[in-house]
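Listed in order, the protein sequences are those of chains F and B. Take any residue in the first sequence, count from 1 to its spot, add 40: that is its number in my numbering. Take any residue in the second sequence, count from 1 to its spot, add 2: that is its number in my numbering.
Hints listed in this document are in silico derivations from the structure and should not be mistaken for laboratory results. Check before you lean on any hint, since a few could be wrong.
Unchecked claim - Lysine to any residue pairs mimicking SDA-like chemistry, simulated, CA-CA at most 25 Å apart: (1) B:Lys56 / F:Pro81; (2) B:Lys94 / F:Leu108; (3) F:Lys165 / F:Ala180; (4) B:Lys94 / F:Cys70; (5) F:Lys127 / F:Thr90; (6) F:Lys127 / F:Ser142; (7) B:Lys32 / B:Gln123; (8) B:Lys32 / F:Thr90; (9) F:Lys127 / F:Val102; (10) F:Lys127 / B:Lys32; (11) F:Lys127 / F:Leu161; (12) B:Lys94 / F:Ala180; (13) B:Lys170 / B:Leu99; (14) F:Lys192 / F:Thr175; (15) B:Lys170 / F:Lys165; (16) B:Lys135 / F:Glu65; (17) F:Lys138 / F:Ser176; (18) F:Lys127 / F:Ala185; (19) F:Lys138 / B:Leu78; (20) B:Lys56 / F:Leu82; (21) B:Lys32 / F:Pro81; (22) B:Lys94 / F:Ser142; (23) B:Lys170 / F:Arg119; (24) B:Lys170 / F:Thr144.
To be verified - Okay, the calculated bits of chain B under chain F, using three or more residues with CB under 8 Å as the criterion: (25) 18 to 30; (26) 82 to 88.
What the hints assert, rightly or not - Stretch by stretch, here's where chain B covers chain F in the computed footprint (C-beta under 8 Å, at least three residues): (27) 62 to 76; (28) 83 to 96; (29) 101 to 109; (30) 155 to 166.
Only a predicted model underlies this, so the values are computations on that prediction, with no experimental measurement involved. All C-beta atoms, glycine included, are put in the ideal place defined by N, C-alpha and C.
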Amino acid sequence: MESATEEESPPQCIICGQPLDSLTEGLPVCAGCYPGLVDRPLPRWIQVVTAFIGLVLVLSLVQFPLSLSAGIAFERGRRAEVARNYKLAEQQYAIVAKRFPSSTLAIARLGIVSYRAGDLLTAIKSFEKLGGRETSEELAGEVNAVADAMMKKLVPQEEGAQP
Amino acid sequence: MIPGFLIAIVTFPGVIVHELGHFIFCRLFKLPILDVCFFRVGTPAGYVIHGAPKNAAQHMLISFGPFFVNTLLGALIATPAAIPVIQFSAGKPLDYLLIWLGVSIAMHAFPSTGDAASLWQGVWHGEASFFAKFITLPLVGLIYLGALGSVFWLDLFYGIGVAMLFPKLLVALFA
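With the rest of the complex left out, here is chain B (with noise of 0.2 Å):
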C-alpha cells in the first residue's frame, strides 16, 4: 500500500488547484480566510479555514468549487496531451509531463470529508431552507463514498478517466 503523503507528494499541484478552489471562492463570497495550507506533506495535504458562509449556496460553492475547478482544469490540460498518447502512440515529453499534471489536478478534484463535515456542519445545522438541506443529504453522502473510494484508489481512476474521457466525449460530439 502506498502511503497517502507519497501519493499527494507526486500530485502536489492537484492539492495546490484543490485549496485554490476553496480560497478563490471565499474570496468571491468576501468571507474572512483565518487560516490556509496549500500543501504539506501531512493529513490533510492541504486546508482553507474560513467563516461561515452566509448561505447554503455559498456553503455549497466552497464546498463543492475544487471538484468543478479540479475537473475542468485537468480535462483541459491532459486532453490535448491524451489525444496523441493514447489514441495514436505519438506522444512527445511534453504530453506526458500534461498527462500527469492533468490527472494529478483532476484526481484532487473530490470534496474531502472536511468538505462534507463544514458543508454537512453548515447546511444541516444552520438555517438553510428544507430544500438547501434535502440536496445536501445526497450530496454529503457521495463526498463520504468517494472518500471510501479513494482506498480503493477511486480518486487515480477519476483523474485517469477525466483525462482519457474528455478526448474521447469531444471527439465523439464533433465528429
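Isolated chain F (complex conformation) (with noise of 0.2 Å):
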C-alpha cells in the first residue's frame, strides 16, 4: 500500500545534489557548479578527434592551392583552347600535366594543343604518356587524329604521292 501522503523533497542542485534555497540563471544549478556547466571543458575523445580533423584540415589547406591553381589552369587553357590561342593553352595545360602526372584528360589535352601550336616535340612526348590508358572514346578519337595528322606531317611522303 503506497503512502498516502509523501513527504515533498527540497529542490536540489542536479550536478551536486546539494538543496538549492535558489535557481541559478534559472536552473536548478547551485552557484558553485554553474561557473562548471559554462565552461564545460571537451571530453578527451573529443579533443583527439578535433586534433585529426584540424591536422587534416591543415594537410587539405596545404594542397588548396595546389589544387585549386591547377583547376583554374585547365579552366584557362579550355578557354584559350576555344579561342584559337593554343600557345596559351599549352602553357596552362602543362601546369595541370605537372601537377597530376597521371591524368590522361590533362596530358592529352596538352599533346593536341602542343601539336596545333607547332610543339610537335611536346606533342609526341604527350602522346607516348597516353600509350595503354583507358579514356572516353571522343577523348581516344580526337587523340588519335591529331596523331594521325602529326605522323603525316612527320614522315616523309612516298616518292609520286600526292602532297
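Two chains, two frames, some hints: make the complex.
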C-alpha cells in the first residue's frame, strides 16, 4: 500500500545534489556548479577527434592552392583552346599535367594543343605517355586524329604521292 | 532502405562536428551546457542540451551554427581532393579519405528538427522582436523541409554538392 502523503523533498542541484535555496539563471543548479556548466570542457576523445580533423584540415589547406591553381589553369587552357590561342592553352595545360601527371585528360589536351601550336616535340612526348591508358571514346578519337595528322607531317611522303 | 544509425556510423565525423558547432556557440555566448552527446548509435545521433539563450540572435546562431561550420569545413576539406578526383581522374588514396571526410561533415550541416523546435520555442514563444519572429518562421520551415528531404537523401546530396560545386565555383571565379 502506498503512503498517503509523500513528503516533498526540497529542490536539489542536478550536478552535486546539494539542497537549493534558489535557481541559478533559471536552472536547478547551485552557484558553485553553474560556472562548471558554462566552462564545460570537451571530453578527451572529442579533443583527439578534433585534433585529427584539424590535422586533416591543415593537410587540405596545404594542398588547396596547388589543386585550385591546377583547376584554374585547366579552365584557362580550355578557354584559350576555344579561342584558338594554342600557345597559351599549351602553357596552361602544362601546369595541370605537371601537377597531375597521371591525368589522361590533362596530358591528352596538352598533346593536342601542343601539336596545334606547332610544338611537335611536346606533342610527341605527351602522346607517348598516353600509350595503354583508357579514356573516353571522344577524347581517344581526338587524340588519334591529331596523332595521325602529326605522323603525316613527320613521316616523309612516298614518292609520287600527292601532297 | 539503409537505417539511419548506419548512415550516422559511416559519417560519424559529421555528427561530431555538428554537435561541436552547437557546443562552440554555447561556449561563445557563455551559456550553461547541461548535457552533451557528441556521438552515439541512436536517435538522435548527438545532442547538446543548453540553458536558454539571452536573445533571438543567439538562438539562431546556436541553431544554425553547425550549418555554417559543417558546410565551410566540409568544403575546405573536400575541395583540394575533389579537383584531382572529379575533374582529372587522378586521385590518390588520401584524396578519397578527404572526400569522405568532407562529404560526411557537409551532409550533417542541416539543423535537426530538435534544433528547429528549440529555435521555435525560444524565439516564437519568447520575448523576441517581431522582426526576429518574422525571420524565424521561414527558417524553421526550411529546417523541417530539410528534415523531410533527408528521407530522400537530400543531406547526402547536399554533402556531395558542397564537395563538387564549391571547387567549380572557385575555379569559375578565379579562372
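Which numbered hints fail: 4, 5, 9, 10, 15, 30
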